[in-house]
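Hints are included, so try docking the two chains, each in its own frame, into the full complex.
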Amino acid sequence: MAVAACAAAILSVSSEIALAQIKGRAMPEEVRKHETEMQALGESFDTAWDLYQHFKKEAKGGTIAPEYSKLPDWSGLWERRDGPFFLDPEQTDFNAMPPVELTPEYKKELEERLKRYAAGDDYDPISVCGVPAGYPRFMVEPFMREFVPTPKQTWLINEAGNEVRRVYTDGRGHIPPEAAYPLYEGDSIGFWDGQKLVVHTSQIKGTVLQRIQPRDSDKAETVEIWEKLDDNTIKVDLWIYDSEAFVEPWFSQQYYRKIPNEDGLLRIHFWACAENQNNVITKTDEGGSTFTDFTFTHKDDKTPKAEQKGQDSQSMPWNEDNK
Amino acid sequence: MMKFPIITITAGALFAIGFAAGSTAASAHHSVQMYDMQKEVTVSGTVKEFQYTNPHSWLLVDVKNDDGTSTVWGFEAEGPGILMRAGIMRNSLPAGTKVTVTGHPMKDGRPAATWVKLEMEDGTEMVPRAQR
Chain A
1 MAVAACAAAI
11 LSVSSEIALA
21 QIKGRAMPEE
31 VRKHETEMQA
41 LGESFDTAWD
51 LYQHFKKEAK
61 GGTIAPEYSK
71 LPDWSGLWER
81 RDGPFFLDPE
91 QTDFNAMPPV
101 ELTPEYKKEL
111 EERLKRYAAG
121 DDYDPISVCG
131 VPAGYPRFMV
141 EPFMREFVPT
151 PKQTWLINEA
161 GNEVRRVYTD
171 GRGHIPPEAA
181 YPLYEGDSIG
191 FWDGQKLVVH
201 TSQIKGTVLQ
211 RIQPRDSDKA
221 ETVEIWEKLD
231 DNTIKVDLWI
241 YDSEAFVEPW
251 FSQQYYRKIP
261 NEDGLLRIHF
271 WACAENQNNV
281 ITKTDEGGST
291 FTDFTFTHKD
301 DKTPKAEQKG
311 QDSQSMPWNE
321 DNK
Chain B
1001 MMKFPIITIT
1011 AGALFAIGFA
1021 AGSTAASAHH
1031 SVQMYDMQKE
1041 VTVSGTVKEF
1051 QYTNPHSWLL
1061 VDVKNDDGTS
1071 TVWGFEAEGP
1081 GILMRAGIMR
1091 NSLPAGTKVT
1101 VTGHPMKDGR
1111 PAATWVKLEM
1121 EDGTEMVPRA
1131 QR
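Chains as they are written, first to last, in the numbering used here: chain A, 1 to 323; chain B, 1001 to 1132.
This is chain B alone, in the form it adopts within the complex (with noise of 0.2 angstroms):
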C-alpha cells in the first residue's frame, strides 16, 4: 500500500540509464525524452502482464493505492532480444508475482517510466540491460 511512489532523485540515477555500448536499445529506437531522466520512480506491486515485444516490453504492475483503489504502472524495457540477454525470459515474471521496480517516469504525470531495476520478493534483481 502506498499513497504515492517514492520518487528520489540521485545522481546515480544518472548513471542508471546504462548507456554502455550495447545497452542502449531503450533509446536507439526512439527518443527518452517523456521520461525525466533524473528522476527515479520506485513502485511496489504485482506483476499484471509482461508484453514481451518489439521493439521494446512493457511491465504492467498493479499497485495498491491508500484509499483502497489501484495504478496500473507501466514499465518499457528492451525488447526480447537484448531482455533475454539480461536472463529476463517471457515466463519470468507471470502475472501476480510480487515485485519492487525502479524506473525513470514520464515527464507528463502518466504511470509508466523506462524500467531501470526490478526487484523479486526473494531479493532477485532483474537489470533489463545487463548482458551477457
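For reference, chain A alone in the conformation it holds in the complex (with noise of 0.2 angstroms):
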C-alpha cells in the first residue's frame, strides 16, 4: 500500500495540489475509535502540561526513578513501521494537507511548501550535515533506534544523526524559564504509569515535521505514553500543543517494531554525516535541492563532451524534455 501510495504521489507531482483534509486508509476499528478518544481528550486540554498533569493524577502521581526490575524491557532495535513522510501514519497523500487545523500563518506556508514540492523544488534543512531533524520530527525518521529505560532516565536513540533524546524521570522539573532556550529535542520529563512512560516535553525549537508537512513552532510542547505491546511491537500515543501552529492540538499515534537482529550483525554507529563529500546538498535559487561537487565528475559534467571524456549527457534521452 505504501508503495502504490508512492507512486500515486509521483505521478502526481505535476497536478495540482490537493488541499483537502486526507481521507485517510483502513485502520482497525479499534485503533480508530482510540485515535478519536484520545484527540478528544486531548482538545479538553488547553495545555500539554494541563494534559500530563491528568495523566499524572490518573496515575496517583506515578512512580518516580523505580528499581530496574520494574522497568519494561525494550531491548533490541527498533524502527518506525510506517513511512517516514508523515506524522499520522493515517495520512497518505502527498500533497494533501495533514489532519489538523493549521493557523492560517503555517497553513499558508505549507500550502506554498507544498507547491515548491508539486513543482519539483523539494529541499530538506536536514540535508544539511549537522542539522538533526529534531523531535517531534524524530518519531518518523527512519533508520535503526534504541529505547533504554534506566530508573532515573529514558534515552530514546535515532541512528540518524546520533539523536538522543533524554527523559528524565527522577522527579526534576523543566529547565527553569530563566535558562530554557528552544532545543532541538525540547526538554523532556515524564514518569512511569506502570509500564507505560509518561512523558512532557517542552522548550521544543520549531522546524519541519517532515518535508511535506507542517511547521511547528517554539511554543510547540508534548504529552507521550511509551508502551510496549507485544515483543516486537511499541507504541507511543503522541499529542502536540502549539498555539501558534495548530489550532487543536494534534494526536496521532505512532508504531514501532523490532527489527529482526538474532546474529547481533546489526548495531548502532555514529553517524557521521559529513563523511562523504559526494552527499553534500545545496539549495537551488527556486529552493529546491542538487548536490554539489561529486568527487567523480564535476558539476559541468553535464556540457561538454570534451571534459565529460567521450560522453555527452546532453544529449542523453532523459534530457530532452529538458530543452
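Do not take every clue at face value.
In silico EDC-like pairs for lysine to aspartate or glutamate, Cα to Cα no more than 16 angstroms straight-line [stated by the list, open to error]:
(1) K228(A) / E244(A)
(2) K1107(B) / D50(A)
(3) K196(A) / D73(A)
(4) K219(A) / D50(A)
(5) K107(A) / E248(A)
(6) K283(A) / D1108(B)
Now the in silico label distances, taken between C-beta atoms and shown as ranges [claimed, not checked]:
(7) G1096(B) / T63(A): 57 to 67 angstroms
(8) M1089(B) / F270(A): 14 to 24 angstroms
(9) A1095(B) / R32(A): 48 to 58 angstroms
No lab work stands behind these hints, which were simulated from the structure alone.
Predicted model only: the values in this text are computed from it and were never measured.
Ideal placement from N, C-alpha and C gives every residue a C-beta, glycine not left out.
In C-alpha cells, the structure reads:
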C-alpha cells in the first residue's frame, strides 16, 4: 500500500495540489476509536502540561525512579512501522494537508511548500549535515533506534544524526524559564505508570515535521505515552500542542517494530554525516535541492563532451524533455 | 562497451523506488528531486570504489564507452545501517567487480543515479532497500 501511495504521489507531482483533508486509509476499528477518543481528550485540555498533569493524577503521581527490575524490557533495535513522510500514519497523500487544522500563517507556509514540492523544488533542512531532524520529527524518521529505560533517565536513540532524547524520570522539573532556550530535542521529563512511560516535552525548537508536513513553532509542547504492546511492537500516543501553529492539539499514534537481529550483526554506530563529499546538498535558487561537486565528476560534466571524456550527456534521452 | 546507457521508462520504475516502510532512507535525509524517478538508467562496468558511508553510500562504477574512453558513474544508496540489512557489506563489491547497475538518473545529466538494483556476473542481485 505504501508503494502504491508513493507511485500515486509521484504521478501527481505535476498535478494541482489537493488542499483537502485526508480521507485516511483502512485502520482497525479499535485503533480508530482510540484515536478519536484521545484526540477529544487532548482537545479537552488547553495545554500539554495540563494533559500531562491529568495523566499524572490518574497514575496517582506515577512512579519516579523505579528500580531496574520494575522497568519494561525495550531492548533490541527498532524502526518506525510506517513510512517516514507523515507524522500521522493515516495520511497517505503526498499533496494533501495533514489531519490537523493549522493557523493561517502556518497553513499558508505549508501550502506554498507543497506547491514547490509539486513543482519539483523540494529541500530538506536536514540535508545540511549537523542539523538534526529534531523532535517531534524524531518520531517519524526511519533508520534504526534503541529505547533504553533506566531508573532515572530513559534514552530514546535514533541512528540518524546520532540523535538522543533524554527523558528524566528522577522527579526533576523542566529547566527554569530563565535558563530555557529552544532545543532540537526539547527538554523532556516523565514518570512511569506501571509499564508505561509518560513524557512531557517543552523547549522544542520549531522546524518542519517532515519535508511535506507542517512546521511547528518554538511554542510547541507535547505529551507522549510509551508502551510495549508485544515483543515486536512499541506504541506511542503523541499529542502536540502548539498555539502558534495548530488550532487544536494534534494527536497521532506512532508504532515501532523490532528489527530481526538474531545474529547481532546490526548495531548502531556513530553517524558521521559529513564524511562523504558526494552527499553534500545545496539549495537551488528555486528553493530545490541538488548535489554540489561530486568527487567522481565535475558539476559541469553535463555540458562539454571533451570534459566528459566521451559521453555527451546533453544528448542523453532523459534530457530531451528539458531542452 | 556502450555508447549510451540503456534508458527505460516504465511503470515498474515508479514502484522500484521502494517506499515501503523503513525502506525510504534514500529520501529521508534529502529530497530526491535531483533524480528523474520516472526513468531508469542501466550501465555495465567495473566497480571503481564503494564508498560505504553515512548518510548515503556511493558505488562508483567505471563504464567503458565506445570510443575507448570511460565514464565514472556514481550510484547513491543508503548508509551502512540499511545496506547491512540488505546483505550488502563493505566488502561485497571490491574494486574490479563486474556489475550491471540500474538506477534513476540525475535530471541534469551528470553520470549519477539513485541505486535501484545491481546484478553481478554470477546473477547475484543487490537491492539496497531489501530488508531483513
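Hint-by-hint comparison with the structure:
Taking the CA atoms of K228(A) and E244(A), the gap is about 32 angstroms. The hint is violated against a cut of 16 angstroms. Annotation: proposed proximity of K1107(B) to D50(A) is violated, straight-line Cα distance about 51 angstroms (limit 16 angstroms). Using a Cα cut-off of 16 angstroms, the hinted pair K196(A) and D73(A) holds, with the two alpha carbons roughly 11 angstroms apart. As the CA atoms of K219(A) and D50(A) are separated by approximately 15 angstroms, the hinted pair is consistent with the 16 angstroms bound.
Straight-line distance between C-alpha atoms of K107(A) and E248(A) comes to about 13 angstroms, which keeps the hinted pair within the 16 angstroms bound. With a CA separation close to 15 angstroms, the supplied pair K283(A) and D1108(B) stays within the 16 angstroms bound. G1096(B) and T63(A) have their C-beta atoms about 60 angstroms apart, which keeps the hinted 57 to 67 angstroms range intact. The supplied range of 14 to 24 angstroms is met by M1089(B) and F270(A), whose beta-carbon atoms lie about 18 angstroms from each other.
Judged by the Cβ atoms, the range 48 to 58 angstroms given for A1095(B) and R32(A) holds: they are separated by roughly 54 angstroms.
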